[in-house]
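Undergrad: For reference, the chains in residue letters:
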Amino acid sequence: MSTTAVLDGPKRKVWGGGNEPLNASYGKLMMWFFLLSDAFTFSALLVAYGMIRFTYPGYAGPAEDFVGSNEYWPVPELVFDAFPFLHGVHIPLGFVGLMTFILILSSVTMVLAVEAGHRNDKDAVVKWMLWTVVGGFAFLGCQAWEWNHFIHGTDTGSTFRFLIDGDWVSQTVKGANLSVNEYGPAAFAQLFFFITGFHGFHVFSGVAFNFLIFYQAAVGKLEQRGHYEMVEKVGLYWHFVDLVWVFVFTFFYLI
Amino acid sequence: MDSFDNQHKTLEVIPANKEKIQKIWKIALILLVVTLVEFVFAFTMERGLLLYSIFIGLTLVKAAYIVMEFMHLKEESKALFWSIVIPLLFVVWLVIALLNEGGAISIYR
Numbered sequence: 001m002s003t004t005a006v007l008d009g010p011k012r013k014v015w016g017g018g019n020e021p022l023n024a025s026y027g028k029l030m031m032w033f034f035l036l037s038d039a040f041t042f043s044a045l046l047v048a049y050g051m052i053r054f055t056y057p058g059y060a061g062p063a064e065d066f067v068g069s070n071e072y073w074p075v076p077e078l079v080f081d082a083f084p085f086l087h088g089v090h091i092p093l094g095f096v097g098l099m100t101f102i103l104i105l106s107s108v109t110m111v112l113a114v115e116a117g118h119r120n121d122k123d124a125v126v127k128w129m130l131w132t133v134v135g136g137f138a139f140l141g142c143q144a145w146e147w148n149h150f151i152h153g154t155d156t157g158s159t160f161r162f163l164i165d166g167d168w169v170s171q172t173v174k175g176a177n178l179s180v181n182e183y184g185p186a187a188f189a190q191l192f193f194f195i196t197g198f199h200g201f202h203v204f205s206g207v208a209f210n211f212l213i214f215y216q217a218a219v220g221k222l223e224q225r226g227h228y229e230m231v232e233k234v235g236l237y238w239h240f241v242d243l244v245w246v247f248v249f250t251f252f253y254l255i
Numbered sequence: 001m002d003s004f005d006n007q008h009k010t011l012e013v014i015p016a017n018k019e020k021i022q023k024i025w026k027i028a029l030i031l032l033v034v035t036l037v038e039f040v041f042a043f044t045m046e047r048g049l050l051l052y053s054i055f056i057g058l059t060l061v062k063a064a065y066i067v068m069e070f071m072h073l074k075e076e077s078k079a080l081f082w083s084i085v086i087p088l089l090f091v092v093w094l095v096i097a098l099l100n101e102g103g104a105i106s107i108y109r
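Keeping their order, the protein sequence lines are chains A and B.
Quick note: the first sequence uses the working numbering, first residue 1, plus one each step.
Quick note: the second sequence uses the working numbering, first residue 1, plus one each step.
One or more of the hints may lead you astray.
Said to hold, decoys possible - Calculated lysine-lysine pairs in the PhoX-like style (CA-CA distance at most 20 Å, straight line):
id, chain 1, residue 1, chain 2, residue 2
1, B, K23, A, K28
2, A, K28, A, K174
3, B, K23, B, K78
4, B, K20, A, K122
5, A, K122, B, K18
6, A, K122, A, K221
7, A, K127, B, K74
8, B, K78, A, K127
9, B, K74, B, K26
10, B, K18, A, K28
11, A, K233, B, K74
12, B, K26, B, K78
13, A, K221, A, K127
14, A, K122, A, K13
15, A, K233, A, K221
16, A, K233, A, K127
Rather than coming from a laboratory, the hints here were simulated on the basis of the structure.
Note that the structure is predicted; figures quoted are calculated from it, not measured.
Produce the complete structure using the sequences and hints provided.
TA: See the structure below:
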């Protein structure tokens, strides 16, 4: 006693209507194409980072003598070496490693939510979506700390030479903003703010979507709809955010 | 009538497939191990083209696991698969062209 029309009968032609292009639902297909365009946006940003970096000489001296200068590009592992509650301790890339760990784990909880959705298991969907939201917030919190530290800088700062009205003037620079930063050329901080900020904005909107779907699953709205495809769609977006971080991590922090 | 029925619709829960869930955790472990390997290389190797190539290679491995396994792209139809993967090849040219350009600018700076 089905209440929906049964579309059996003779096989329809390709252009007869009712077909799903590429065997994917409309929402999933559009999500994939959106993600493709977003991938181009992030590629453009990261390639711009690479290009601007190549216009400056890299820091060539021994690591322990590294000081920031606006004449060469800094070594990221010597810039990002701070860890919360461990002031003054040199832990290169420790904090960003933790952030990577958090984001990968929240990606895993997302796959588990999608898997539970396939099985119509409401309780498991709700549980794993909640963990994914928690992971997203944890990542955003880490990023807030990272930005805060980057903006306020180290205790000593760096001494830069600037050409002002034809004279070389030495100035101590502390922290970072869009016009000057103690780590390297102005473009270094500009790119840091723009790329990690754009990624962070994606994480933020991802957390918002995830929370919405968590809520809809929890109140039984998706159960009423008869399927959990929305979990799959926000899942695609969330994994993409993780994917972008993998590239940001490599090109911004490692290389 | 239809909406009334929907109010009371409950979906049948299919029991979890242990193997499938174990596979998800296994891939998570691979991603974490690859990241740890990147860290080891970052602190033991000299900076240079070889190290950068290793980093990019490992990044692509991680990206492939995320896209194929977590996003299930390999289970989509072949046409969808290629319509996502092929356009990304344009990025390769963008990288070659712009990195070259950056190097050229540094000479004139």
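Undergrad: Hint by hint, say whether it matches the structure.
TA: Verification of the hints:
1. B:K23 with A:K28: violated, 23 Å
2. A:K28 with A:K174: violated, 47 Å
3. B:K23 with B:K78: violated, 23 Å
4. B:K20 with A:K122: Roughly 18 Å separates the two Cα atoms, so the pair holds.
5. A:K122 with B:K18: The given pair, whose Cα atoms are some 18 Å apart, holds under the 20 Å limit.
6. A:K122 with A:K221: holds, 10 Å
7. A:K127 with B:K74: Violated. K127 (chain A) to K74 (chain B) sits at ~27 Å, over the 20 Å cutoff.
8. B:K78 with A:K127: violated, 33 Å
9. B:K74 with B:K26: Holds - the C-alpha atoms of K26 (chain B) and K74 (chain B) are around 18 Å apart, at most 20 Å.
10. B:K18 with A:K28: Between K18 (chain B) and K28 (chain A) the Cα gap is close to 26 Å, so the pair fails against 20 Å, i.e. violated.
11. A:K233 with B:K74: holds, 16 Å
12. B:K26 with B:K78: violated, 26 Å
13. A:K221 with A:K127: holds, 16 Å
14. A:K122 with A:K13: violated, 38 Å
15. A:K233 with A:K221: holds, 16 Å
16. A:K233 with A:K127: holds, 18 Å
In summary, the structure is inconsistent with hints 1, 2, 3, 7, 8, 10, 12, 14 from the numbered list given earlier, while agreeing with the others.
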